[in-house]
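Colleague: The chain contents come next:
Number of protein chains: 2
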Amino acid sequence: MKIAISGKGGVGKTLLASLLSKTFAEAGYSVIAIDADPDANLASTLGFPEADKITPISQMKELIAERTGTQPGQADIFFKLNPKVDDFPEKYSAKHDGIRLMVMGRVKKGGTGCYCSENTLLQALLAHLLLARNEVVILDMEAGIEHLGRGTAQAVDKLIVVVEPGRQSLETAHRISKLAQDIGLLSIAAVGNKIRSKSDREFLISSMPGFEFLGFIPYDQAIIDADLANLPPGDSSQQVITEVRNIYQALLSTTKTPNPTK
Amino acid sequence: MKIAISGKGGVGKTLLASLLSKTFAEAGYSVIAIDADPDANLASTLGFPEADKITPISQMKELIAERTGTQPGQADIFFKLNPKVDDFPEKYSAKHDGIRLMVMGRVKKGGTGCYCSENTLLQALLAHLLLARNEVVILDMEAGIEHLGRGTAQAVDKLIVVVEPGRQSLETAHRISKLAQDIGLLSIAAVGNKIRSKSDREFLISSMPGFEFLGFIPYDQAIIDADLANLPPGDSSQQVITEVRNIYQALLSTTKTPNPTK
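Line by line, the protein sequences give chains A and B.
Everything in the first sequence is counted per this note's numbering, starting at 1 for the first residue and increasing by one.
Everything in the second sequence is counted per this note's numbering, starting at 263 for the first residue and increasing by one.
Where hints are given, some of them may not hold.
Some chain B residues well away from chain A (every beta-carbon gap over 10 Å; in silico) [to be verified]:
#1 Val273
#2 Lys323
#3 Tyr354
#4 Leu393
#5 Ile450
#6 Phe475
Cross-link-like lysine-lysine pairs, in silico, BS3-like; alpha carbons within 30 Å at most [as the list claims (entries may be wrong)]:
#7 A:Lys178 / B:Lys353
#8 A:Lys80 / B:Lys323
#9 B:Lys315 / B:Lys346
#10 A:Lys61 / B:Lys357
#11 A:Lys80 / B:Lys342
#12 B:Lys357 / B:Lys315
#13 B:Lys353 / B:Lys315
#14 B:Lys346 / B:Lys420
#15 B:Lys323 / B:Lys346
#16 A:Lys178 / B:Lys315
#17 B:Lys357 / A:Lys178
#18 A:Lys91 / B:Lys440
#19 B:Lys342 / A:Lys61
#20 A:Lys158 / A:Lys95
#21 A:Lys198 / A:Lys178
#22 B:Lys440 / A:Lys95
#23 B:Lys323 / A:Lys178
#24 A:Lys53 / B:Lys440
Honestly, the hints are just simulated from the structure, not real lab data.
Cβ atoms here follow ideal geometry from the backbone N, Cα and C, with glycine treated the same way.
Chain A with its partners taken away, still in its complex shape (with noise of 0.2 Å):
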C-alpha cells in the first residue's frame, strides 16, 4: 500500500502521517515514513530520539554528486536522470518502534544550476519507493504533488488530502486535486481534521462534492498542550487515535493491500 498525504501547511498532514504509520506498523506491517515536507518534522511528531540529528537525502552532497555524476557546488547541466537508489532505504534512514524514515530535505530553488542534480535523486528515490518496494510507504508531501512524475503518481494507491474548516484549505485541496487528474492520479479521497462541530464536518463536506472522506478527525486541546510540553502530539489524544484507525480501516477496505509483511 502506498499513501501520499498533502493539504495546505499547518492542516495536520504530518499528525496523520505519523499515526497512519504507527497504525499500520502496529497491524504488523512493514513501514517507510518519508518526510517529503521541508516546512514538517515526521521525525519528532513520530518520537524519533534524535529527530533532528537525522541528515535529510537532499543535504548529502557526496552522495548526489556520485549518484548523479555531477561535481558538489558546480553547475549541473549534466547529469544521470536515472541515478541508483535501490540502496537509500536500507542505508539512509532511521528506525524506530518499527518504522523505517527517510528524510527528504529541502531542494534550494533558483541560481544557475537550478539543483536539477538533487531534484533528479529524490524523484528517483520517491519513483523507486513507491513502484519497487514492498512494504507500506506513507509519504508526507508538502501543499503540492510536483515531486510526483505520471510515471510515479499512478503507484499511489492513495492521495489523501487533508482539509480543515477554513476556505485556504479547501482551495488548496482544489488545486491538488487537479494536479493530481493531470498526471493521471485519480483515487484521491479527503480527511477532515480540526472538527468541532456537526457544522464543520457538514461545511467541508458541502464544500468538497464528489470528495470520498475518509474520516473526520475531532480538534482536541490535548494535541496543542502535548506539542507545547514537547511529547509526540499523536499519544495524546484518544479519540484522535480512534478516528485514525476508522481511517486506517476505511484504506484497507477501498485500496488493493498487500499482506502484512514483518
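Dock chain B against the given chain A, drawing on the hints supplied.
Modeller: Below, chain B without anything else, positioned relative to chain A:
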C-alpha cells in the same frame, strides 16, 4: 520599506501580509503586495474581486519565453540570467483599494528542464521589486526564503517570521533565521499569532531568545467564522486590526522608511 513575511504553513502569514498592506495603504503609502507563496491566496484575503482570475506570473508561458529567450515547453539549458522585468509591476498586477498585487505562482519542480527559466524570471522580478522600487513592498513568502538571493536579501528592511504557540512553527522559525543569516539578511523580527493567553505569549518569548517581537496577534474565532462565511477575515476582528496597527508602528520606528508616496 521592504518587508518579507515568512513562517510555517498555516501560522497566519497571509493574514498579516494583507492587514499590513491595508494599514500602509491607509496611511498613504504606495503599496505593492506580492503573493510569493503558492500555498496561499493573498488576493482573496485582501478582498480582491475576482481573485481567482489573476494569472500568476509563473504561468505566463509566452512572457517567460519572451523575456528569458527560451522556447515554451522545451528544456531550457540556455537562457538569459537577467531578463527584463521592470515593466511587470505596472503591466502584470491587479489593483484594489490602493494596493497593487502581483501573484508569483507555483514553479513546477523536477523534470529535465528543471524550470530554470521560470525561477530566473521570478527571482529577477523579486530583485527588481526589492532593489529598484520606491513603494512599500510586502512579500508574502512560503516557509523558506530561497527566493531571496544574497544580493536581494540585503534590500529587505525587515524579515518578519510569524509563529504560533506550537513547536513546529518554532522549528521553522529557527530554520528561517539560520537561512537568513547565511545570506546576510540580519534584520529579522517575530510576530506571534493565535495567542490565547499570557502563557502562550510567554512560551513564544522563552522559546525564541534573542528574537525581537514586533507584536502578538490574539486568537479570535471571528477570523475563522468570517473565513467560513467567505468574507475577508482581516475585516472581522477589531482586536486583530488594532494589534497589526501596533506592529506597523513598531516597523516604522525600527526601520528606515521612505516618505509616503501617493
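Colleague: Now look at each hint and say whether the structure bears it out.
Modeller: Hint check results:
Here Val273 (chain B) does not stay apart from chain A, with its beta-carbon only about 7 Å from theirs, under the 10 Å limit. Every CB of chain A is more than 10 Å from the CB of Lys323 (chain B) (nearest about 15 Å), matching its label as outside the interface. Annotated as non-interface, Tyr354 (chain B) keeps its C-beta farther than 10 Å from every C-beta of chain A; the closest such distance is 20 Å. The Cβ of Leu393 (chain B) lies farther than 10 Å from every Cβ of chain A, with a closest approach of about 16 Å, so its non-interface assignment holds.
No Cβ of chain A comes within 10 Å of the Cβ of Ile450 (chain B); the nearest lies about 18 Å off, and the non-interface call holds. Interface exclusion of Phe475 (chain B) from chain A stands, the closest Cβ pair being 18 Å apart, more than 10 Å. Restraint check for Lys178 (chain A) and Lys353 (chain B): satisfied, since their Cα atoms lie roughly 28 Å apart, inside the 30 Å limit. Distance hint between Lys80 (chain A) and Lys323 (chain B) is fulfilled; the C-alpha atoms sit about 27 Å from each other, no more than 30 Å.
With a CA separation close to 25 Å, the supplied pair Lys315 (chain B) and Lys346 (chain B) stays within the 30 Å bound. With a C-alpha separation of about 44 Å, the suggested pair Lys61 (chain A) and Lys357 (chain B) falls outside the 30 Å cut-off, and the hint is violated. As the CA atoms of Lys80 (chain A) and Lys342 (chain B) are separated by approximately 25 Å, the hinted pair is consistent with the 30 Å bound. A hinted pair counts as satisfied when its Cα atoms are at most 30 Å apart, and Lys357 (chain B) with Lys315 (chain B) qualifies at roughly 13 Å.
Annotation: proposed proximity of Lys353 (chain B) to Lys315 (chain B) holds, straight-line Cα distance about 15 Å (limit 30 Å). Between the alpha carbons of Lys346 (chain B) and Lys420 (chain B) the distance comes to roughly 26 Å, so the proposed pair stays at or under 30 Å and holds. As the CA atoms of Lys323 (chain B) and Lys346 (chain B) are separated by approximately 15 Å, the hinted pair is consistent with the 30 Å bound. The hinted pair formed by Lys178 (chain A) and Lys315 (chain B) meets the criterion: a straight-line CA distance of about 16 Å does not exceed 30 Å.
The suggested pairing of Lys357 (chain B) with Lys178 (chain A) holds, with an alpha-carbon distance near 28 Å, which does not exceed 30 Å. At roughly 28 Å between alpha-carbon atoms, Lys91 (chain A) and Lys440 (chain B) fall within 30 Å of each other, so this suggested pair holds. A threshold of 30 Å between alpha carbons decides the hint, and for Lys342 (chain B) with Lys61 (chain A) the separation of about 27 Å falls inside it, so the pair holds. Under the criterion of a C-alpha separation no larger than 30 Å, the hint pairing Lys158 (chain A) with Lys95 (chain A) is consistent with the structure, at around 24 Å.
Between Lys198 (chain A) and Lys178 (chain A) the CA atoms are separated by roughly 28 Å; this keeps the pair inside 30 Å, and the hint holds. Of the pairs offered as hints, the one joining Lys440 (chain B) and Lys95 (chain A) holds, with about 28 Å between alpha carbons and a cut-off of 30 Å not exceeded. Between Lys323 (chain B) and Lys178 (chain A), the direct Cα distance comes to roughly 19 Å. Compliance with the 30 Å bound is thereby established for this hinted pair. The hinted pair formed by Lys53 (chain A) and Lys440 (chain B) meets the criterion: a straight-line CA distance of about 16 Å does not exceed 30 Å.
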